[in-house]
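S.K.: Going line by line, the protein sequences match chains R and W. Heads up, the final residue of the first sequence is numbered 558 in this note's numbering, and it's a clean run with no missing numbers. Heads up, the final residue of the second sequence is numbered 73 in this note's numbering, and it's a clean run with no missing numbers.
These are calculated hints, taken from the structure and not from any lab test. Predicted model only: the values in this text are computed from it and were never measured. Misleading hints may appear alongside valid ones.
Think about it this way: if two alpha-carbon atoms lie no more than 27 Å apart in a straight line, the pair counts; the simulated DSSO-like pairs of lysine-lysine are [what the hints assert, rightly or not]:
| no. | chain 1 | residue 1 | chain 2 | residue 2 |
| --- | --- | --- | --- | --- |
| 1 | R | Lys466 | W | Lys8 |
| 2 | R | Lys29 | R | Lys105 |
| 3 | W | Lys6 | R | Lys105 |
| 4 | R | Lys220 | R | Lys73 |
| 5 | W | Lys6 | R | Lys522 |
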Amino acid sequence: MQSIQLAFSDWLIIALYFGFVLGIGVYLKRFTKNENDFFLAGRKNSSWVAGLAFLSANLGALELLGMTGNTFKYGMYVAHFYWIGAIPAMIFLGLYMMPFYYSSKIKSVPGYLKLRFDEKTRVLNGIAFAVMTLLVSGINLYAMALVLHTFLGWDWNVSMWISAATVAAYVTLSGLLSAIFTEIIQFFLIWFGLFLVSILGIIEIGSVNEIFQRVNELYKTVSYTTLWSSSGDPSLNGMMITWGGIVLGLGFVLSFGYWTTDFLVVQRAFSAKDLRAARMTPILASFFKMAVPFIVILTGLIAIVLANDTKSGFSLMQDGGQVNYDSALPLLIARYYPPGLVGLGVTALLAGFMAGQAGNISAFNTVWTYDIYQSVLNKKASEEHLLWMGRMATIVGILLSVGTAYWAKSFPSIMDYMQAIFSWVNAPLFATMLLGMFVRWITPNAAFWGLLAGMGSSFTLFLAVKFNWIDGAIITMSSVASDQAANFWRAWWAWLICFVVTIALSPFTKRKPDEELVGLVKGLTPAVSSQGIAWYRKPEPYAVISIVVLIILNIYFW
Amino acid sequence: MEQEKKMKPIWYFVGIMLSAMGVVILVSGIVNYADPQVSTTVLSELHPALWWGGIMIVAGLIFLLANRKASVD
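Input sequences plus hints: build the corresponding full structure.
M.R.: Shown next as structure tokens:
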């Protein structure tokens, strides 16, 4: 494919973005005076700021490219990632889990494990999270360089080092504060930079109904435009999964595991100025999350229609004889965007990559500093020393990400492990958190061994299927299944194993005294008081509206 | 003693960024309008840079003006 040519105005937009994020880092440095400012953005963000950052931390460019490509591959079932695969978990976090997180004044999710259970569970999760974060950050970096090289012809090393150095500069200067600022900038860039692709696609094809109708004509035996009506039989939908896999694997375990325990996103809620704002954070974010399919799903369906219309002249890229599904979005940008807008589209993707990396690094520096360094290596570190360590961890974390990116370049197949990584770490952790917050007789040792068993079993199941030690159908309970379906089911089994082992071991191991669990476990924590808060400022009404919108969307696209 | 400066809210910076990028896109849209040969993308006859740049400027100015005196405590 010929590279997308950039005009002067496109370069100017890209330069504006780089100048802007670096300028923000320098500007915010003067407001970053202590460790609280660096690691928790001073705990003074409104629910809107924290909410948009909460959403944007997850809305990376890899996700945008991947989900548009996945829609081309699997059809509209990908919308489950944004609706049932996110909204119930976000509401649950805001209403039920945030009071335990926020009120205990912890600085990280592993910090909660230390208070509720013990040091070893905290360190186990801290190390797993740190490794996962660096892997994801490095793979993101590699993917960014690959996209820029493939579509713009940019030098692989130059684009990777410039973006890594920029992220390192502004996160080192002002920590989570600048990460959150750039995430919100990224949110607006993505909407202004990419939603126009959907609008122009609809104009070219005729209407949204026309897009759906033409996709249905192309796929007569497999549904690409519905969410549930074809989920009774995996051979009837593009993702080759049943409703059980969607509900249990994605809707329950993977979704709740990610949105309620992954520190990358939860850290944004910790930066809120009070408990009400922290509880509102994921609930506000849920409305914007539900809107993302109007970019990615719609664009994926537009790409299907155009690629199957010989008169359109549109086709996806081929890599070594295989279709490159992730090329759908960049190729549509090249198709519709004139000079100036191309720069905006490229900047939106760049911002998605860089903000995603900043999010990972700001979460990594916090977990490293508090849950590994202070917890194991230097228990008596002063506040000033921890602030210094946070800055050093940022630089070292970026360098390790760059190293991971070079590793990914040598072994591109590690990209396939991205989704699997979440089911190794987050899925079992959700069982530990759920039991820890809602069952007071769960013991520290049971939690540790349960978590280890869940993580170990998920990893073992992955290897067992990968190297054909066992038949994948045992895990998915179906002879027909996609890689996504296998991920959903593996997450479910990892969660269940952690859940069962933790419960089974608890009666035989020593409990923590109830007085040490006040504020950490339901039943030993005073209920959240909303007295004096007007009804329209409480999180509950917004949670109900969010769930009603979710139900309407699912029924409409049933 | 010099009073410590308060931090501007993120919305103020969003306003600056959208306005600045909007101006660049609008100008490139005007250039394209004057000389349609500059760009031959699909639907270029709709001049998307022209109206999208305008929308970005309006959105940016709303953020900018609404937050020009605001600060974060």
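S.K.: Would you mind marking each hint as holding or not holding in the structure?
M.R.: Checked hints:
no. : hint                 : result
1   : Lys466/R <-> Lys8/W  : violated (51 Å)
2   : Lys29/R <-> Lys105/R : holds (24 Å)
3   : Lys6/W <-> Lys105/R  : holds (25 Å)
4   : Lys220/R <-> Lys73/R : holds (15 Å)
5   : Lys6/W <-> Lys522/R  : violated (39 Å)
Hints 1, 5 from the list above are not met by this structure, while the remaining hints are.
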